[in-house]
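Fit chain B to the known structure of chain A by using the hints.
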Amino acid sequence: MTVERRGWRVRLLTLWLPLAVAMFFALFPFYWMAITSLKTNQELYSRKVMPLIVHNPTLKHYVDLLTETSFLEWTWNTLLVAVISTAISLILGAMLAYPLARLRFAGAAMVSFAIAATYLVPQPLLFVPLADLINRLGLNDTLTSVILTYPTLLIPFCAWLLMGYFRTVPVELEDAARIDGASRLQTLVRIVLPLCGPGFISAGIFAFTLAQNEFLYALIFLTKTEVRTVPVGAIAELVRGDVFYWGQLMAAALLGSIPVAIIYSFFVEHYVAGLTAGGVKG
Amino acid sequence: MTAVLAPALTRRRPAFSFARWVERESVFSWLMVALPVAFLVALVGYPFFYGIWISLQDRPVAKPGEFVGLANFIRAWDDPVFRQVAVNTLFYTAAATLLKMVGGLGLAVVMNQDFRFKNLIRALLLLPFIVPTVLSTIAWQWILDPAFSVVNWVLKAADIADPGPSWLGNPHLAMFSLIIVNTWRGLPFYAITLLAGLQTISPELYEAATIDGAGRWGRFRYVTLPLLMPIIFIVTMFSVIFTFADFQLIYVLTRGGPANATHVFATYAFDVAMGAGQFGQGAAIALSMVPPLALIILAMAIYMRAPK
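Top to bottom, those sequences are chains A and B. Counting in numbering that gives the first Met the number 0, the first sequence runs from 0 upward without gaps. Counting in numbering that gives the first Met the number 0, the second sequence runs from 0 upward without gaps.
The hints are simulated quantities; they were obtained by calculation from the structure and are not laboratory data. Don't be surprised by glycine CBs; every beta carbon is placed ideally from N, CA and C. Keep in mind that a hint or two might mislead.
Pulled a few chain A residues facing chain B out of the computed Cβ check, cut under 10 angstroms [said to hold, decoys possible]:
#, residue
1, ARG103
2, ALA107
3, GLY255
4, VAL259
5, ALA260
Covered stretches of chain B (chain A as the covering partner; in silico rule of three or more C-beta atoms under 8 angstroms from a C-beta of chain A) [to be verified]:
#, region
6, 15-26
7, 84-95
Chain A on its own, in the form it takes in the complex (with noise of 0.2 angstroms):
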C-alpha cells in the first residue's frame, strides 16, 4: 500500500507535473490566439473585463479579415508557393541523394560537402546580393521569385534525408533489375523510389512548413498586396500605421497555421520520423 502510494507521488513528480507545464507553455499562446480572435473589440480594449475566457463571442473579425483584406489570395499564393517550392525540391534533392547515395563517381565528396555548406548557410547571409539578383531578373513581386529561391532552403535537407531512405533499399534487388536489362533509370524509377515513399512523405511535409513559415525573402521580395504571402500580408497589413487589429492578427494567424497543423496532424509519425533523422542519423 505505501509503495503504491508514493509511486503514485513519484509519478506525480517526475511525469504528469513537468508534462503539465510543459504543455501550458507550449500550448497557451494558441488557446490565446483562439480566444482574443472570438471576442469583440469593447472586451478586447477593455482593462475590467476578466481576460481568461470569451464573454461574448462573436465571429466579426474572421468575417472582416476574409471580405475585408486579401487574406484569401495570400492563403493561395502560400500555399502554391509551398506546394511548386516541395515539388521542385523533392525532386532535385532525389536527384542528388540516389548517386551519393548509392553510385561512385568523381566529385561525389565535393557535392555532398556543398549539400553541407548550403544547409549551414543562414537565410540572412544571402538576402542582399538575392534581392540584387532578383532585381536584375525583373523578377520583383512575382511569386516566381520565392518559388525559385525556397528550394535553395529545402533541397539541402531533402537530399540528405533521401538518401538515409535509398541506402535502406536492398542493393540486391536493384542488381536483379538490372540483370534483367532494366537500365539504371528504369531501375530508380521502378524498383527504388516506390521502396522509399515514406521518405518522400518525411521530407515532403518537413518542406513544406518550412516554405509556409519563410519570411525573410517574402518579406523582401514581395511588395504588393496580390503577390503576398501570409505572414507578410499579417505584418504588413494588418498593422495600418501604428494600429493593431489584434482580432483580426489573431483570426489569420490561427487560420494561417491551420493547413500546416492539418497537414502535421495527419503525418506526425512521418514528420518526427524527418525532424529526428536530420539530428539522430546526421
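Frame of chain A; chain B shown alone:
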C-alpha cells in the same frame, strides 16, 4: 565458328552507343546531380560570392556601386550600434541555446517513460515548432502588449505588480522576452530529437550501471549523457546557427528596439540594406556573422570531441 561469331560481336558492340554511355556509373551520376548542383550554384554559391563583392562597394540601392575595399567593414567596426549588435546576438544565442538545451533535455528525459496518450502529447508539444513563426510571434506580441498584456493582468490579479512591467519596452526585459519566445519555439525540436536519441539507448546499460551502484543521477551522468553527446552536439550546432541568424522573431516583436537593445546581425543588416538602402554596408554587416559563427562551431566541435 569464329567467322560466324565475329560479325555478330561487332554488331553488338558499335563504336559508340549513347545508351551504353549513359549507363556508365560516373556519367549517369553526373547527369543526375548536374541540374540540382547548377541550381544551388546559381542561387547559393554565386550569391554568396556576389555578396562578398557587394560588401566591398559603396552601393546605394539600385545604383552602380563604387569599389571601396574594406571601408564598409571598417565603418561597421567603428559603429557603436554594430558593437552592441554583436553583443546582443551573442547573448541572445547563448541564453536561448542554453535554455533550449537544458529544458529540451529535461523534457526528453521526462517523456522517456511509458504513459498514456504519449503520441498525442508529443504531437501537441511539437506545435510551437511547426506553426509559422511569424504567426505565433504575433500571438506573443499580444500576450506581451504594453496595455493589455495577459501576463500583467495575472500579475495584477495576484497582487504582485500594478501596473506590470513593459515587456517589450524596457531594454533588458525586451531581450528577456525574446529569449523566452525563442525558447518556446525551439525547445520542442530539442526535446523530440533528444527523446529519439534516448530511445536508442539500451536498457541493459542502465541495468549494468545500477548493479555497479549508480543511482538516478549516476545513471544519467555516466550512461545517458555520454551516449547522447553526439546528438546534443548536432542539435546544438543547428540551434546555434539558426538562433545566431534569427530574423523573424525579433523583426516582429521589437524590430531591434527599444534603442537598439535587441538588434541582432540579421535585423541590423536588414535595416541598413533595405531601410536605409545601403546595400554594401548591409552586406558587410551580414557577412560579419561568418567569423563568430565559424568560431563558435569550431569551439563546440573541439569541446565535444575532447576526451573526458
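**OP:** Return the status of the interface hint for A/ARG103: holds when the least beta-carbon distance to chain B is below 10 angstroms, violated otherwise.
**Re:** Constraint on A/ARG103 satisfied, holds at 6 angstroms.
Original post:
At a threshold of 10 angstroms, is the proposed contact between A/ALA107 and chain B supported by beta-carbon distances?
Top reply: holds (7 angstroms)
Original post:
Three or more residues of the region 84-95 of chain B near chain A by CB distance under 8 angstroms?
Top reply: That given contact is violated, which follows from only 0 residues of the region 84-95 of chain B lying within Cβ reach (below 8 angstroms) of chain A.
Subject >> Given coverage of the region 15-26 of chain B by chain A, checked by CB-CB distance under 8 angstroms (3 or more) >> reply: holds (count 5)
Original post:
Does the CB of A/ALA260 sit less than 10 angstroms away from some CB of chain B?
Top reply: holds (7 angstroms)
Subject >> Per-residue hint verdict: A/GLY255, partner chain B, C-beta under 10 angstroms >> reply: The hint holds - A/GLY255 has a Cβ within 10 angstroms of chain B, the shortest such distance being about 5 angstroms.
Original post:
Would the hint on A/VAL259 stand, with a C-beta cut-off of 10 angstroms toward chain B?
Top reply: holds (6 angstroms)
Consistency note: the structure conflicts with earlier hint 7 alone.
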